[in-house]
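> Next come the chains, spelled out residue by residue.
Protein chains: 2
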Amino acid sequence: MISVFEATELVLGSVRPYGEEYVAIEDAVGRVLAEAIVATRDMPPFDRVAMDGIAIDYAAYAAGQRQFEIEKRIAAGDPIGTLSDTHKAVEIMTGAALPKGADTVIPYEALTIEDNVAHIVSDRVVQGQNVHAQGVDLQKGATLLAPGHWIQPADLALLATEGKAKVRVRRAPSFAILSTGDELVPIDQEPLPHQIRRSNVYAVQALLRQYHVQSIMLHLADDPEAMHDQLRALMGKVDAWICIGGVSKGKKDFLPQVLEALGVRKLFHRVAQRPGKPFWFGATDEIVVFALPGNPVSSIVGTVRYVLPWVRSCLGLPWDYSISVQLAEPFRFDPPLVRFVESELYHDSSGVCRAAPRPGHGSGDFTRLAYTKGFVELPADRTHFQPGEVYPFWPFHTFVA
Amino acid sequence: MISVFEATELVLGSVRPYGEEYVAIEDAVGRVLAEAIVATRDMPPFDRVAMDGIAIDYAAYAAGQRQFEIEKRIAAGDPIGTLSDTHKAVEIMTGAALPKGADTVIPYEALTIEDNVAHIVSDRVVQGQNVHAQGVDLQKGATLLAPGHWIQPADLALLATEGKAKVRVRRAPSFAILSTGDELVPIDQEPLPHQIRRSNVYAVQALLRQYHVQSIMLHLADDPEAMHDQLRALMGKVDAWICIGGVSKGKKDFLPQVLEALGVRKLFHRVAQRPGKPFWFGATDEIVVFALPGNPVSSIVGTVRYVLPWVRSCLGLPWDYSISVQLAEPFRFDPPLVRFVESELYHDSSGVCRAAPRPGHGSGDFTRLAYTKGFVELPADRTHFQPGEVYPFWPFHTFVA
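Chains as they are written, first to last, in this note's numbering: chain A, 1073 to 1473; chain B, 1073 to 1473.
The shape of chain A in the complex, shown without the other chains (with noise of 0.2 Å):
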């Protein structure tokens, strides 16, 4: 048995690139860069007009101008225009160039305009006032985007200005996600007394979907030789494998053994915590596989804090997603092993973000799900926890910040 700890790093090191691939922007949501994006122009890319009114050449009013004759109308749209005479001014609108010769915009409320003339009734007016001038958010050449970059919504408004109808990201590592156990029946069938349906697939599908992973679902059966020749017939067909159940010390627990006959590499077998112990963790060239124990909340457990963290570095993410939390209220485990507790979430009222544990019945109690939002992640050495530490916390949905 082996620390959660070195289970970690050796999950990690087992993380390789799958490549790039082109979604259009409106599919970049989620996607992680493989391109930088660079600034083509100037941002503005020319001296852009910020407020609707008149551009005039400071020189005049500092001079003492005050009255200016309005000699042209320009709208934003319109191609770059010039003010011909100094001491006359160009009615400009939000979003124009400026013209050449003006450097200053007066808005409408520091006007009146009657007769083609506009008075300046502003007395504070500051040379250059009113212009967002080319090249001062950014210059031409500045990385606005780099690669590795977890796009986000807002960033498409900068995809966009630079013309990224498409945009390069790094591919995902596509997986299979394979339960076990004769007692399970698929969703749309009636359950006989002694079975139930298989529920942990489709949160495990959903989990990886986060990061834009594609999955295909499959059963296999209860027997080691059907279980081979399923094994063996989707090698080659998708980069990783999440197997759930079949990895403990019981009769039909014969998955690693499969496993190894496929010629999968054990690269560890049990980790110290709780639940989730029986984990099974191996690799070929080819494939990576996670064989998770199945019950709800061990399979949840393992997903969350191995599986996406394997994703995530695939992805060039930083693959400690965890967020620091305080604990609410205390809470108590004595067994010398690593205690994953699915826990309430909030942000209290003085900024702080507290963890309230609500541990189930047992790893096979996943009625809590609903309204638990991630573990909180205790230490081994420790039995005693108490409100206000601060403890790692790991959430279904994955946080931004």
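Don't take every hint at face value.
Any copy, or any two copies together, can satisfy a pair, since identical chains are not distinguished.
Said to hold, decoys possible - Capping the alpha-carbon separation at 35 Å, the derived lysine-lysine pairs in DSBU-like fashion look like this:
#, residue 1, residue 2
1, K1323, K1160
2, K1238, K1309
3, K1172, K1321
4, K1323, K1212
5, K1144, K1349
6, K1321, K1338
7, K1321, K1212
8, K1172, K1323
9, K1238, K1349
10, K1160, K1212
11, K1144, K1212
12, K1212, K1172
13, K1349, K1321
14, K1144, K1338
15, K1172, K1349
16, K1338, K1309
17, K1349, K1323
18, K1144, K1323
These are computed hints drawn from the structure, not numbers from a lab.
Please arrange chain B on chain A, whose structure you already have, making use of the hints.
Relative to chain A, chain B alone:
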């Protein structure tokens, strides 16, 4: 000009329900449940064996018996069996139903088995141990997930266990996202020196898509008659419009009058905030119209602070999804306006969520969107904001907690 509080009240006063629809379980994450998910069986549905080992009658153990002949084997997926002789044992697997006549499971770790006889080597056996008793997590008829629940990845395990291959969810309002401004060209076009590409609309669409909002994009001509015709043709096609630009005081800002000519009742125009002051809001019986100023940061602020709360409220989610954060650095803002300031966000090592303001060069500067996570909302009646003070933070990417 009205306050941010009043504007919020008026926006939320226009909340309407938009019906329900069915989605496949695979597409249910992020949707809002429209039905109660009720347990149709106890959870677990039978006395479920939680460890591999032997099932015995505890009375025999209590009477001193330590050797149990194995009378049969039962695996997960086998029908519910019976321990016919209460002085014998059934060898049993995790996930199986406990046989009638047995009440306690001794794991392999506490056994030696020789010649079909199990010897119990532990003296710490407790009646009922390693049995996940029928109904202990939840009883038949109890609510697993209530209507209005915002479905997260782990919840799919609960939907699947109840056989919900299709899930009834609330329908989000559909949107048209309408850009204005003759200086804007499509994303796939090379802009001339005085032009820029349409960009805000992509960010706004991505922000909406977090709530599974369907939207179309359309560019409006900077001409009142053409605009009138385009908007009239759109009537009845979608539930809500977001217009971007054309609401300030410029000569080309005739969007408010066109909207009113179309029968859209103005509920307010101009809000005491920066950025986004020229925000116009109105409605008819059929549509709700958010007309946001066209600067990139303004339109994103308007979407995050008003449109998304409206969408959430239409779906029956709490409208206020801001979180309380501590300011990480001092900030000063003198005008008597609410200031929404782009900020970085992080959880520090004491569990506190902190926001660091990163204001750009005005609302036209959207280069900071790549490394800020949302907006801090600073009240209008103060000018100096100090580190450690707590304010609401509106994230670009929706948090669950």
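> Would you mind marking each hint as holding or not holding in the structure?
Results of checking the hints against the structure:
| no. | hint | result |
| --- | --- | --- |
| 1 | K1323 x K1160 | between (94 Å within a copy, 19 Å between copies) |
| 2 | K1238 x K1309 | both (27 Å within a copy, 28 Å between copies) |
| 3 | K1172 x K1321 | between (81 Å within a copy, 23 Å between copies) |
| 4 | K1323 x K1212 | between (66 Å within a copy, 32 Å between copies) |
| 5 | K1144 x K1349 | between (78 Å within a copy, 28 Å between copies) |
| 6 | K1321 x K1338 | within (16 Å within a copy, 70 Å between copies) |
| 7 | K1321 x K1212 | between (63 Å within a copy, 32 Å between copies) |
| 8 | K1172 x K1323 | between (85 Å within a copy, 21 Å between copies) |
| 9 | K1238 x K1349 | between (44 Å within a copy, 34 Å between copies) |
| 10 | K1160 x K1212 | within (33 Å within a copy, 82 Å between copies) |
| 11 | K1144 x K1212 | within (31 Å within a copy, 78 Å between copies) |
| 12 | K1212 x K1172 | within (21 Å within a copy, 77 Å between copies) |
| 13 | K1349 x K1321 | within (11 Å within a copy, 66 Å between copies) |
| 14 | K1144 x K1338 | between (78 Å within a copy, 33 Å between copies) |
| 15 | K1172 x K1349 | between (72 Å within a copy, 29 Å between copies) |
| 16 | K1338 x K1309 | within (20 Å within a copy, 58 Å between copies) |
| 17 | K1349 x K1323 | within (18 Å within a copy, 70 Å between copies) |
| 18 | K1144 x K1323 | between (89 Å within a copy, 13 Å between copies) |
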